[in-house]
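Those sequence lines, one after another, are chains A and B.
The opening residue of the first sequence carries number 264 in my numbering; numbering runs sequentially from there.
The opening residue of the second sequence carries number 264 in my numbering; numbering runs sequentially from there.
Calculated from the structure, these hints are not laboratory results.
Accuracy of the hints is not assured; some may be wrong.
One copy or two, either will do: identical chains are not told apart, so a pair holds if it fits within one copy or between any two.
What the hints assert, rightly or not - Heads up, simulated DSSO-like pairs for lysine-lysine below, C-alpha to C-alpha not over 30 Å straight-line: (1) Lys313 with Lys271; (2) Lys450 with Lys460; (3) Lys397 with Lys311; (4) Lys450 with Lys303; (5) Lys303 with Lys460; (6) Lys460 with Lys313; (7) Lys362 with Lys460; (8) Lys450 with Lys271; (9) Lys397 with Lys450; (10) Lys302 with Lys460; (11) Lys271 with Lys460; (12) Lys302 with Lys327; (13) Lys313 with Lys450; (14) Lys271 with Lys303; (15) Lys302 with Lys397; (16) Lys311 with Lys450.
Protein chains: 2
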Amino acid sequence: MPRVSDMKERLTDAALDLIWHNSYGTTSVDAICERAGAKKGSFYYFFKSKSELTAAALEAEWNKSRANMDALFSPTVPPLERFDRYFDYVHDRLAELQKACGSILGCPLLTIGSEVGTQDQAVRATVDRIWDRKIQYFESAIRDAHAQGLIVAPDPEAKARALFACYHGTLAQARIQNDVELIRDFKQVARDVLGVKHSAALSA
Amino acid sequence: MPRVSDMKERLTDAALDLIWHNSYGTTSVDAICERAGAKKGSFYYFFKSKSELTAAALEAEWNKSRANMDALFSPTVPPLERFDRYFDYVHDRLAELQKACGSILGCPLLTIGSEVGTQDQAVRATVDRIWDRKIQYFESAIRDAHAQGLIVAPDPEAKARALFACYHGTLAQARIQNDVELIRDFKQVARDVLGVKHSAALSA
DNA sequence: AATATAGTTGACTGGTCAGTCTACAGATGT
DNA sequence: ACATCTGTAGACTGACCAGTCAACTATATT
């Protein structure tokens, strides 16, 4: 069996990068190829369209992030602290990227999903699927917090969805206004949405 | 003075419509012209670029919506009820549009802002400006609610921004998942974010 | 009716786009 | 050494894109 290649990964990496920084619509296949060091032929050898590549890129990114998400949301961490750790992590990462590119990039899932949602069912379904999987981290943290009496959340799934949506709204606003502080402020908003009891207040 | 024309308005209407339904990137000047019943020359007589038209379209939409926003957020309405009325209004409008086009469209400000935010400063600045003006409705309602002892909000501006971001996150999620129910559920989330005291609970 | 001005027309340009196609390169198993 | 199959190369196509331009039309004022 002939040679192996890392081109597929180079292409998904390049695609996610460019689309995240700019947008799906303004990111051309040519630009993706150039960044990945690929020629057109290679691109269409691995993917049958730009749409399919985008879906693959999102899926690949998700797989890369899983280990880190698992660590942040480890059941060994007190449930409300998991959120703080996650929000801190995202804040720090976006702040770091801002230093490099000048912009707060927000969450690619929302940016891409919102852009192509009404037009590209393949990409939209992928966003949807990953979105739901990520919510599961929130959901089990909420369930644990509820079990420990830190919050009252009889419907952890709905609460998780609501908090996830609020968080992504904040990330989107941060992208639009290019202001990282909005993300920092979210930790307190999250406590409000979760309905954290005063007695459960954590140290900063 | 020669003839008058409603073409400028037809163009901004067509543009906002197409961009909202689809996206900025996939909406061509040709398509906007066709829908507006204009020729290329007319388009570039009124606007010097697609970007400038988009900014004008957002501004025009904002101006059209002001009277309604003023009514929904009238100081004569109890402050927390203003939010309910607003959320109901948006929900109903998006549900109606969904019947016509099959999709939950969310908020054009977020969709457009998130798409072009890192690339088109003119459009982005316009989104930013309108965003801030809309937040003022939230802010004064929050201030009134605080004054009436319905909520505790020592920083109404920050609270308004947070609630606005959460709401837009929910609208974005509704667009991505094409699910209007998420918007209906937001009324309760808003109460959590606002920190509505139990004694201030309203009838549905 | 003359004229100035606001608005309209549509062909045209040069560039970019996603996607195709045929030829080719190189590692591996035999 | 040779066959096989994975991957690479890059020219090419036809559609579409934003934006230009010079000629034209309709109206309001004088």
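Structure-based check of all given hints:
1. Lys313 with Lys271: Within one copy only: 13 Å inside a chain, 35 Å across chains, cut-off 30 Å.
2. Lys450 with Lys460: For Lys450 and Lys460, the Cα distance is within 30 Å both inside one copy (15 Å) and across copies (20 Å).
3. Lys397 with Lys311: within (27 Å within a copy, 43 Å between copies)
4. Lys450 with Lys303: Classified as neither; 45 Å inside a copy, 49 Å across copies.
5. Lys303 with Lys460: For Lys303 and Lys460, neither the intra-copy (57 Å) nor the inter-copy (60 Å) Cα distance is at most 30 Å.
6. Lys460 with Lys313: Neither. Shortest intra-copy (47 Å) and inter-copy (50 Å) distances fail the 30 Å Cα cut-off.
7. Lys362 with Lys460: neither (37 Å within a copy, 41 Å between copies)
8. Lys450 with Lys271: neither (37 Å within a copy, 45 Å between copies)
9. Lys397 with Lys450: Answer is both: 18 Å inside a copy and 23 Å across each meet the 30 Å cutoff.
10. Lys302 with Lys460: neither (57 Å within a copy, 61 Å between copies)
11. Lys271 with Lys460: Neither: 48 Å inside a copy, 54 Å across copies.
12. Lys302 with Lys327: within (25 Å within a copy, 49 Å between copies)
13. Lys313 with Lys450: Result: close neither inside a copy nor across copies, 37 Å intra and 38 Å inter.
14. Lys271 with Lys303: within (13 Å within a copy, 42 Å between copies)
15. Lys302 with Lys397: neither (34 Å within a copy, 47 Å between copies)
16. Lys311 with Lys450: neither (42 Å within a copy, 43 Å between copies)
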